[in-house]
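Residue numbers (this note's numbering), protein chains in the order written: chain A, 1 to 243; chain B, 244 to 486.
Quick caveat, the hints were computed from the structure, so don't treat them as lab data. Please read these numbers as outputs of a predicted model, since none were measured by experiment. Certain hints may be false.
To be verified - Derived BS3-like pairs: lysine-lysine, alpha-carbon spacing no greater than 30 Å straight-line:
| hint | chain 1 | residue 1 | chain 2 | residue 2 |
| --- | --- | --- | --- | --- |
| 1 | B | 261 | A | 18 |
| 2 | A | 85 | A | 154 |
| 3 | B | 397 | A | 106 |
| 4 | A | 106 | A | 33 |
| 5 | B | 481 | A | 18 |
| 6 | A | 238 | B | 261 |
| 7 | B | 367 | A | 33 |
| 8 | B | 481 | B | 397 |
| 9 | A | 124 | A | 106 |
| 10 | A | 18 | B | 276 |
| 11 | B | 328 | B | 261 |
| 12 | B | 349 | B | 367 |
| 13 | A | 18 | A | 85 |
| 14 | B | 349 | A | 238 |
| 15 | B | 367 | B | 328 |
| 16 | A | 85 | A | 124 |
| 17 | B | 397 | B | 367 |
| 18 | B | 276 | B | 349 |
| 19 | A | 154 | A | 33 |
| 20 | B | 349 | A | 18 |
| 21 | B | 349 | B | 481 |
| 22 | A | 124 | A | 154 |
| 23 | A | 154 | B | 328 |
| 24 | A | 18 | A | 154 |
Protein chains: 2
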Amino acid sequence: MPRTAAALIIGNEILTGKIQEANLAYLGQELFKLGIVLERAVVCRDDVDVIAEDLNGLRADHDFVFTSGGVGPTHDDLTMPSIAKAFGVALVRAPEIETLIRGYHKDRVTDDHLRMADIPEGSKLFANEDVPWPTVAIENVFIFPGVPEIFRLKFPILRPHLADGRSFFSRAVYTNCDEGEIAALLGEAAQGNPELFIGSYPRFRGQDYRLKVTVDGEDEADVDAALDAIIAGLPADKIVRVD
Amino acid sequence: MPRTAAALIIGNEILTGKIQEANLAYLGQELFKLGIVLERAVVCRDDVDVIAEDLNGLRADHDFVFTSGGVGPTHDDLTMPSIAKAFGVALVRAPEIETLIRGYHKDRVTDDHLRMADIPEGSKLFANEDVPWPTVAIENVFIFPGVPEIFRLKFPILRPHLADGRSFFSRAVYTNCDEGEIAALLGEAAQGNPELFIGSYPRFRGQDYRLKVTVDGEDEADVDAALDAIIAGLPADKIVRVD
Numbered sequence: 001m002p003r004t005a006a007a008l009i010i011g012n013e014i015l016t017g018k019i020q021e022a023n024l025a026y027l028g029q030e031l032f033k034l035g036i037v038l039e040r041a042v043v044c045r046d047d048v049d050v051i052a053e054d055l056n057g058l059r060a061d062h063d064f065v066f067t068s069g070g071v072g073p074t075h076d077d078l079t080m081p082s083i084a085k086a087f088g089v090a091l092v093r094a095p096e097i098e099t100l101i102r103g104y105h106k107d108r109v110t111d112d113h114l115r116m117a118d119i120p121e122g123s124k125l126f127a128n129e130d131v132p133w134p135t136v137a138i139e140n141v142f143i144f145p146g147v148p149e150i151f152r153l154k155f156p157i158l159r160p161h162l163a164d165g166r167s168f169f170s171r172a173v174y175t176n177c178d179e180g181e182i183a184a185l186l187g188e189a190a191q192g193n194p195e196l197f198i199g200s201y202p203r204f205r206g207q208d209y210r211l212k213v214t215v216d217g218e219d220e221a222d223v224d225a226a227l228d229a230i231i232a233g234l235p236a237d238k239i240v241r242v243d
Numbered sequence: 244m245p246r247t248a249a250a251l252i253i254g255n256e257i258l259t260g261k262i263q264e265a266n267l268a269y270l271g272q273e274l275f276k277l278g279i280v281l282e283r284a285v286v287c288r289d290d291v292d293v294i295a296e297d298l299n300g301l302r303a304d305h306d307f308v309f310t311s312g313g314v315g316p317t318h319d320d321l322t323m324p325s326i327a328k329a330f331g332v333a334l335v336r337a338p339e340i341e342t343l344i345r346g347y348h349k350d351r352v353t354d355d356h357l358r359m360a361d362i363p364e365g366s367k368l369f370a371n372e373d374v375p376w377p378t379v380a381i382e383n384v385f386i387f388p389g390v391p392e393i394f395r396l397k398f399p400i401l402r403p404h405l406a407d408g409r410s411f412f413s414r415a416v417y418t419n420c421d422e423g424e425i426a427a428l429l430g431e432a433a434q435g436n437p438e439l440f441i442g443s444y445p446r447f448r449g450q451d452y453r454l455k456v457t458v459d460g461e462d463e464a465d466v467d468a469a470l471d472a473i474i475a476g477l478p479a480d481k482i483v484r485v486d
């Protein structure tokens, strides 16, 4: 069985539509490459009890949990105290992070800036020379900021810690079929290959195809064989291309 | 207390990052205008038991639930049977929808196309002349397709059914402050106005400001007063504009 993950996306601004959520698709793609299935995501509001309860549910049910958002210095940045509460540990000031904050803000540093150095007791820090600001993790929970650029800067540092040599393989055929026309074909393929993920996605906007059919799985030969079987069942004049 | 809502976003393609989720922000904004707080969103995979359990949790805890995705004709489109299971009712063929499907596909219609007319027993249908394809609802659950263009076409038809004359008011000040610098000011404003939502959002990309501060609430005068108090506490030379 592949390893599993969940995402906890924290912030009223995502739920009111003030900010478009922009980390989930990236996280899903990155985990997929590492052979980890992102099974679930929860978007919750800025509330310590809600965050703590959601986190405890997700970390019990999945191998990894990735949180996004709520790590700034303001009153609505509640992720660190919420995670400490979920684990039943204290918030403690991390000297490595305090040094970075003081180095950055110099004599303009405020108590609220320094609050960003407070992390759950027992956390580990992941950083390297290129990205010195550490990612905080406690047990199987990895804590990321919501700002997409920073999320993408920090995630790659974790790759070697998450990799176990497995990956997924993904192939696709782009067609001019409509979904109803080939639903039976795809249903058979899915039933015959319960270990694979078979999906069909109507085109969203101006593309050169109408429907993309994907096959994902851990075994490359199985993925290829399932895609070949689907292609053999498609009307040849409606195949646009194969990836 | 304002009415509350949750979103259930259904589909492996969102979790693997094959498709960027694109309905949540729109839904949050639209509900906000109707005075409804979107409190929570769950993204779950294409699995009948998972969808049914999530739906039952969300519909018990919120006034409304909006689902997105999983309503096409293929094997991974499981929303309708899952919702029927959650409510403990049968799936029944809706003659109004069957007529639309047969009219569209004519003699090329397949059993899989017609499966899109199967809805939970006891559902209501919402449609109008401009958008004849109905939105299916059962009790407090409204069922939408994942394709963003269709979601946006169908949602407005529900507005009169969801409106109760209340709304939220939202104001904002754009500043060149950093968050740590004004976190204490915002924390005071939030503590003094527990009925308002006060948020601060660092700029994402090239904008003319560094930090946007927002005040949302049901009472327009309270919102204005809280924003004015925040503005009075900001360094005057760091205010970019007020909305």
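We went through each hint and held it up to the structure:
Restraint check for residue 261 of chain B and residue 18 of chain A: the C-alpha separation of about 24 Å stays at or below 30 Å, so the hint holds. Between residue 85 of chain A and residue 154 of chain A the CA atoms are separated by roughly 24 Å; this keeps the pair inside 30 Å, and the hint holds. For the proposed pair residue 397 of chain B and residue 106 of chain A, the alpha carbon gap of about 53 Å is over 30 Å, so the pair is violated. Among the hinted pairs, residue 106 of chain A with residue 33 of chain A is inconsistent with the structure: their alpha-carbon atoms are about 40 Å apart, more than 30 Å.
Distance hint between residue 481 of chain B and residue 18 of chain A is fulfilled; the C-alpha atoms sit about 22 Å from each other, no more than 30 Å. With a C-alpha separation of about 22 Å, the suggested pair residue 238 of chain A and residue 261 of chain B falls inside the 30 Å cut-off, and the hint holds. A C-alpha spacing of about 42 Å is found between residue 367 of chain B and residue 33 of chain A, which places the hinted pair above 30 Å, so the restraint is violated. For a cut-off of 30 Å, the pair hint linking residue 481 of chain B to residue 397 of chain B is broken: about 42 Å separates their Cα positions.
As the CA atoms of residue 124 of chain A and residue 106 of chain A are separated by approximately 26 Å, the hinted pair is consistent with the 30 Å bound. Note on residue 18 of chain A and residue 276 of chain B: the hinted pairing holds, with a Cα-Cα distance of about 12 Å set against a maximum of 30 Å. The suggested pairing of residue 328 of chain B with residue 261 of chain B holds, with an alpha-carbon distance near 28 Å, which does not exceed 30 Å. Simply put, residue 349 of chain B and residue 367 of chain B have alpha-carbon atoms about 26 Å apart, close enough for the 30 Å limit, and the pair holds.
The hinted pair formed by residue 18 of chain A and residue 85 of chain A meets the criterion: a straight-line CA distance of about 28 Å does not exceed 30 Å. Restraint check for residue 349 of chain B and residue 238 of chain A: the C-alpha separation of about 20 Å stays at or below 30 Å, so the hint holds. With a C-alpha separation of about 17 Å, the suggested pair residue 367 of chain B and residue 328 of chain B falls inside the 30 Å cut-off, and the hint holds. Our distance criterion of 30 Å between C-alpha atoms is met by residue 85 of chain A and residue 124 of chain A, whose separation comes to about 17 Å.
Distance check on the hinted pair: residue 397 of chain B and residue 367 of chain B sit about 14 Å apart at the alpha-carbon level, within 30 Å; holds. About 40 Å separates the Cα atoms of residue 276 of chain B and residue 349 of chain B, which puts this hinted pair outside 30 Å; it is violated. As the CA atoms of residue 154 of chain A and residue 33 of chain A are separated by approximately 16 Å, the hinted pair is consistent with the 30 Å bound. Taking the CA atoms of residue 349 of chain B and residue 18 of chain A, the gap is about 43 Å. The hint is violated against a cut of 30 Å.
Proximity of residue 349 of chain B to residue 481 of chain B is assessed by CA-CA distance (about 64 Å); at most 30 Å being required, the pair is judged violated. For the suggested pair residue 124 of chain A and residue 154 of chain A, the alpha carbons sit about 14 Å apart, so the restraint of at most 30 Å is met. At most 30 Å may separate the alpha-carbon atoms for a hinted pair to count; residue 154 of chain A and residue 328 of chain B exceed this at roughly 41 Å. Distance restraint check for residue 18 of chain A and residue 154 of chain A: the Cα-Cα separation of roughly 24 Å lies within the 30 Å cut-off, and the hinted pair is therefore satisfied.
Checked against the numbered hints listed earlier, the structure breaks hints 3, 4, 7, 8, 18, 20, 21 and 23; every other hint is satisfied.
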